[in-house]
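Asks: Next come the chains, spelled out residue by residue.
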Amino acid sequence: MSADMTEPKNAAPIVRAKGLSKRYGTTVALDHVDLEIAAGRVVGLIGPNGAGKTTALKAILGLTEFDGELSVLGLDPRTHRTELMQQMCFIADVAVLPRWLRVGEAVDFVAGVHPRFSRERCEAFLARTKIKHTQRVRELSKGMIVQLHLALVMAIDAKLLVLDEPTLGLDILYRKEFYETLLNDYFDHDKTILVTTHQVEEIERILTDLIFIRDGKIALDASMDAVGERYAEVLVAPDKAEAARALKPLSERQIFGKSIFLFDGIDHARLAALGELHKPSVADLFVATMKGTYA
Amino acid sequence: MSATMSTNNKFTWLLKREFWEYRGAFFWTPAITAAVMLSLVVMALIIAESTANRAGVNLNGINFNEISTHLNEGNAAKLYAGLNIGLISLGFPIGIALFFVLFSYGIGALYNDRADRSVLFWKSLPISDTETVLAKVIAMALIAPVLAVGAMIALHLGFLVILSFWVLAHGINPMLLWSPTHLVSLWMKLILLIPINALWALPSIGWLLLCSSFARSKPFLWAVALPVVSGVLVSMFHLMNSLSLPSGWYWTNIVGRLLFSIVPGTWVNVADLRHLDGDDRLPEALNELLSFNSAGHLLSSPNFLIGIVAGVAMITAAIYFRRRRVESFA
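Protein sequence lines, in the order shown, are assigned to chains A and B. When we follow this note's numbering, the leftmost residue of the first sequence carries the number 1, and every step to the right adds one. When we follow this note's numbering, the leftmost residue of the second sequence carries the number 1, and every step to the right adds one.
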């Protein structure tokens, strides 16, 4: 116990997985995944449908059995789910707030059962919306339900926030507001956010780390800075296209008569000679990395 | 110390949550049933007014004619006994309503939130699956029955008020109807029977919650079809014969206990009642059944005790499946 106390808290990873595996019958959902997520990061877990994202989240949330080792905030989520949930929150999908619940009841209930919930913070968030305390969840629009859920979750002083497709089915205004509120009013260096989404473009500006998952395996695990150093996109004129192809690009696509090549691990100075250099978007990187997944 | 305090407080919130969600079933169903019963009483009295001279009106064991013509100090004791029966039987529909409320609640309690995925919201809070399931057990065993008894007492009061006006209209002192000792002892019995009913109901509570927690779909079918089909098979192949028991034993002690123990007072042994049958003895019989004597007899019976063990085992299994079944997360 004393050894733990003397160690600085930031040193311990928030999530640590070693050989994390999960099978459903003959389907392998997670195949010996090794993973570490440090404190104070915003991590995007991105993969095609059925790649194992949801299984990984379920394991972290203590909602499924698994093989291998997994510790979240130093605890085994299978046996310590209740303790874990005092320091961890999750928003799974827009549909999960019970439709019969009144807004005031939701606030009262979470205040009653959660030791780290601040009613003042929650009320302050709600005051910015059009949500009324007497309304039932079923009377709210999809966007308002997410606002309510976010108000409840952001009022909890949690170390880890897990978001699984949090903005699914929302219009663009709510989606933008969701991530802005999250970053401006919630995130700080003691908190860690793990988010999965299909709308990669929307979260790419807020991520500090990127994890691609494919067929139950980690295809990429890097910080956004490292991604910027490692990958580069080059806009190449037709006369230099052959030279570019010789460097074995990950992908090639055509735009306005020019070719865009995506390179992995090629010296940026060398690429600059071929044409205009860009930082690749996460979406393009994703498409290139996942090539052949659905084939 | 503070940990216990917060745990208790948390459990109170879980109970409140159940009440919020099922306010209509737990509170309004018995309240409306009581209101309907009172309006039936009023209607019966109106009919009685127009026809009483030709035929006596009987409502739930009370002969109104008798009250209107014979109520005096002398025969009051006999009338109180009859009135007791009337008050108890007036409450029967609330007991039946309670059965339907508990049945549909039990089937849905651990299933509906999986069907609409709100289970993920509840599971995102620091509440253990054991606490969640136990809150639902308490809701079925105590909250709904307490509210039902509350509705019964309100119904009794309403009935006596209406009856008082009626006898007053017939020139009889209505105070003769009000015997605080009789009323308080009747209500005390109803209240003290709540925990006995609750323990008796554990096999049904456990079975319904287990099906609710276990079923991936159609929990109602699981809950009803499994015991009934097994009962039919037992009867068809005379499986009980090998244990030297009639097939009826299985229906009464397995199927009946799983499905109908939540009907309040089903522990009353009807066989014991038979020797008391007959019009004159009915009041005594009912009083006997509600006596602490027969309750004490029940508490030591194997049927009762084995039922508790089976109920606790099924509740434990329901907790186990509550932990595992989150398949709606996809």
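No lab work stands behind these hints, which were simulated from the structure alone. Treat the hints with care, since some could be wrong.
Unchecked claim - For lysine-lysine, the following DSS-like pairs were computed, each having C-alpha atoms within a straight-line distance of at most 27 Å:
id	chain 1	residue 1	chain 2	residue 2
1	B	LYS78	B	LYS189
2	A	LYS159	B	LYS10
3	A	LYS18	A	LYS217
4	A	LYS248	A	LYS291
5	A	LYS130	A	LYS176
6	A	LYS176	A	LYS217
7	B	LYS10	A	LYS132
8	A	LYS132	A	LYS142
9	A	LYS159	A	LYS240
10	A	LYS258	A	LYS217
11	A	LYS132	B	LYS16
12	A	LYS191	B	LYS10
Asks: For every hint, state whether the structure bears it out.
Replies: Against the structure, the hints:
1. Between LYS78 (chain B) and LYS189 (chain B) the alpha-carbon distance is near 20 Å, which keeps this suggested pair within the 27 Å criterion.
2. Between the alpha carbons of LYS159 (chain A) and LYS10 (chain B) the distance comes to roughly 22 Å, so the proposed pair stays at or under 27 Å and holds.
3. With a C-alpha separation of about 12 Å, the suggested pairing of LYS18 (chain A) with LYS217 (chain A) holds against the 27 Å cut-off.
4. This hinted pair checks out: LYS248 (chain A) and LYS291 (chain A) have alpha carbons roughly 15 Å apart, not beyond 27 Å.
5. This hinted pair checks out: LYS130 (chain A) and LYS176 (chain A) have alpha carbons roughly 17 Å apart, not beyond 27 Å.
6. A threshold of 27 Å between alpha carbons decides the hint, and for LYS176 (chain A) with LYS217 (chain A) the separation of about 30 Å lies outside it, so the pair is violated.
7. Annotation: proposed proximity of LYS10 (chain B) to LYS132 (chain A) holds, straight-line Cα distance about 25 Å (limit 27 Å).
8. About 15 Å separates the Cα atoms of LYS132 (chain A) and LYS142 (chain A), which keeps this hinted pair within 27 Å; it holds.
9. For the proposed pair LYS159 (chain A) and LYS240 (chain A), the alpha carbon gap of about 50 Å is over 27 Å, so the pair is violated.
10. A hinted pair counts as satisfied when its Cα atoms are at most 27 Å apart, and LYS258 (chain A) with LYS217 (chain A) does not qualify at roughly 34 Å.
11. For the proposed pair LYS132 (chain A) and LYS16 (chain B), the alpha carbon gap of about 21 Å is at most 27 Å, so the pair holds.
12. Our distance criterion of 27 Å between C-alpha atoms is met by LYS191 (chain A) and LYS10 (chain B), whose separation comes to about 26 Å.
In the structure shown, a violation is registered for the earlier hints numbered 6, 9, 10, in ascending order.
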